[in-house]
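Visitor: For this one, chain A is given, so just place chain B on it according to the hints.
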Amino acid sequence: MAHLAEELKEKGNAHFRRGEYESAVTLYGAAITKNPRNPLLYTNRANARLKLEAWDEVIDDCLKSIELMRDNMKAFFYLAQAQLAINHPNEALSSALTAYDLCVHSVSQTSSASLISALVVKCKRRKWEARERERLRRQSSLLAELEDRLERGACDELAALEARRAAGEVGEVEAAEERDEVSKTARTKLDDLRSLFAIADPSKMTKREVPDYLIDNITFEIMHDPVVTRNGHSYERATLIEHLKRSPTDPLTRDPLHVSDLRPNVALRQACEEFVESNSAWIYDW
Amino acid sequence: MLVAKRLQKELVKLNEHTPPGITIVSTENFQEWLMDIEVLDGNPLYQGEKYRLKFVFSGSYPIEPPEVTFVKDATHPIPMHPHIYSNGIICLDLLDRQGWSPVHNVESVCMSLQSMLTGNTKNERPPGDDDFVRRNTQRPRDISFLFHDNSV
Numbered sequence: 000m001a002h003l004a005e006e007l008k009e010k011g012n013a014h015f016r017r018g019e020y021e022s023a024v025t026l027y028g029a030a031i032t033k034n035p036r037n038p039l040l041y042t043n044r045a046n047a048r049l050k051l052e053a054w055d056e057v058i059d060d061c062l063k064s065i066e067l068m069r070d071n072m073k074a075f076f077y078l079a080q081a082q083l084a085i086n087h088p089n090e091a092l093s094s095a096l097t098a099y100d101l102c103v104h105s106v107s108q109t110s111s112a113s114l115i116s117a118l119v120v121k122c123k124r125r126k127w128e129a130r131e132r133e134r135l136r137r138q139s140s141l142l143a144e145l146e147d148r149l150e151r152g153a154c155d156e157l158a159a160l161e162a163r164r165a166a167g168e169v170g171e172v173e174a175a176e177e178r179d180e181v182s183k184t185a186r187t188k189l190d191d192l193r194s195l196f197a198i199a200d201p202s203k204m205t206k207r208e209v210p211d212y213l214i215d216n217i218t219f220e221i222m223h224d225p226v227v228t229r230n231g232h233s234y235e236r237a238t239l240i241e242h243l244k245r246s247p248t249d250p251l252t253r254d255p256l257h258v259s260d261l262r263p264n265v266a267l268r269q270a271c272e273e274f275v276e277s278n279s280a281w282i283y284d285w
Numbered sequence: 000m001l002v003a004k005r006l007q008k009e010l011v012k013l014n015e016h017t018p019p020g021i022t023i024v025s026t027e028n029f030q031e032w033l034m035d036i037e038v039l040d041g042n043p044l045y046q047g048e049k050y051r052l053k054f055v056f057s058g059s060y061p062i063e064p065p066e067v068t069f070v071k072d073a074t075h076p077i078p079m080h081p082h083i084y085s086n087g088i089i090c091l092d093l094l095d096r097q098g099w100s101p102v103h104n105v106e107s108v109c110m111s112l113q114s115m116l117t118g119n120t121k122n123e124r125p126p127g128d129d130d131f132v133r134r135n136t137q138r139p140r141d142i143s144f145l146f147h148d149n150s151v
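Those sequence lines, one after another, are chains A and B. With numbering that gives the first Met the number 0 applied, the first sequence corresponds to residues 0 to 285, in that order. With numbering that gives the first Met the number 0 applied, the second sequence corresponds to residues 0 to 151, in that order.
Please note that the accuracy of each hint is not assured.
What the hints assert, rightly or not - Each pair of labels, with its calculated beta carbon distance range:
(1) B:LYS4 - A:LEU195: 35 to 43 Å
(2) A:PHE274 - B:GLY58: 41 to 49 Å
(3) A:GLY231 - B:MET79: 37 to 45 Å
(4) A:LEU114 - B:GLN97: 42 to 50 Å
(5) B:MET79 - A:VAL265: 49 to 57 Å
(6) A:GLY231 - B:GLU106: 19 to 27 Å
Claimed, not checked - Interface residues of chain A toward chain B, partial, derived using beta-carbon atoms under 8 Å:
(7) LEU213
(8) ASN216
(9) ILE217
(10) THR218
(11) GLU220
(12) GLU241
(13) HIS242
(14) ARG245
(15) PRO247
Hints are computed from structural coordinates only; laboratory data are not their basis. C-beta: ideal position from N, C-alpha, C; glycine also.
So here's chain A without its partners, still in its complex pose:
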């Protein structure tokens, strides 16, 4: 049975390479019926379904594949993409981080590192956007309620004034002056309230500058997984690996340097994360 499944998988792969994703899905499906215990069949089908944007099915396949094989980088990578597509950024981020972890701890630190690292950033961004939307919604409803109260207060005052005028307690001229006064005070209060809310908006507060020590000297971007070389300089892992593949030398000193010499710079990573957390959308476009 297993070799039949293998044959079907090969056929599926051929269809996949030609961009015929529907028939690839069918072939992988047939392979799975022959051998339901092979996790790779599920990841292959997930990849084809990813192309067809059948997100829920991608998720099913990935979960099944992970059930059969836990350290399954591809499955987590596809899973994260599908979760992101159906707008579950929290789950997507945790899947993407698992994939990244599996990738950098695998013996062959493949070029996938930069792909997965880009996906991690994308998930973080979407997670932040979701949080920000929620915050704005909450904040604007508070603002709306306060504005409402201020306006109602002014209306009540004007109504009382009108009653006093009608009863002859105040003269016409005096009433008109007081009316102007009430409206002016109400407008000033509203303006003050709005500018207070504007100041409290963190995206207006922060200085849009990233300190040099958080920046990777190769991409000039803020680091997400910094690694430190033997001379003490840190770089983004995925890009440094890219350089080491071409030339196994330290970018600054030109001394021999290999992937196995790199160590994660945990404290710096935390500093980067903290900086990203405490800043707003601009950091993702920076």
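Guide: Relative to the frame of chain A, chain B by itself:
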């Protein structure tokens, strides 16, 4: 993807502060930039002249080096130097695949070339310049220079 973002940031930095003797000429796209450099100390070989540099970036910059040459026009001659051919091709280890490092950038290349000129006293072209210029049809990146002389 990487190249556009990185060059954008280099440009922001350069616009904030351009080192003395370096001028941005054109940076409209992320494939080709033009920069002017001057030699600011009193080296009589290069006094009062401006040299124009052309940077061509491949899709793998900064992992791969940019292709950097001097360009000649009515107001910009090719500087006299035993490592610079009269057609503008430069023989400098840092621009070679082996000598390049991704931590270099447009600014650091300009500054290296400035100092390469500053330190030079020989009013001459590389040996075999005529021949090289006549025959060479290769792009700089395809030429393997021999760096036999590191004193200049």
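Visitor: Next, verify each hint and record whether it holds.
Guide: Hint by hint, here is what the structure shows:
no. : hint                            : verdict
1   : B:LYS4 - A:LEU195: 35 to 43 Å   : holds, 37 Å
2   : A:PHE274 - B:GLY58: 41 to 49 Å  : violated, 30 Å
3   : A:GLY231 - B:MET79: 37 to 45 Å  : holds, 41 Å
4   : A:LEU114 - B:GLN97: 42 to 50 Å  : violated, 28 Å
5   : B:MET79 - A:VAL265: 49 to 57 Å  : holds, 53 Å
6   : A:GLY231 - B:GLU106: 19 to 27 Å : holds, 23 Å
7   : LEU213                          : violated, 13 Å
8   : ASN216                          : holds, 5 Å
9   : ILE217                          : holds, 4 Å
10  : THR218                          : holds, 6 Å
11  : GLU220                          : holds, 7 Å
12  : GLU241                          : holds, 5 Å
13  : HIS242                          : holds, 5 Å
14  : ARG245                          : holds, 6 Å
15  : PRO247                          : violated, 12 Å
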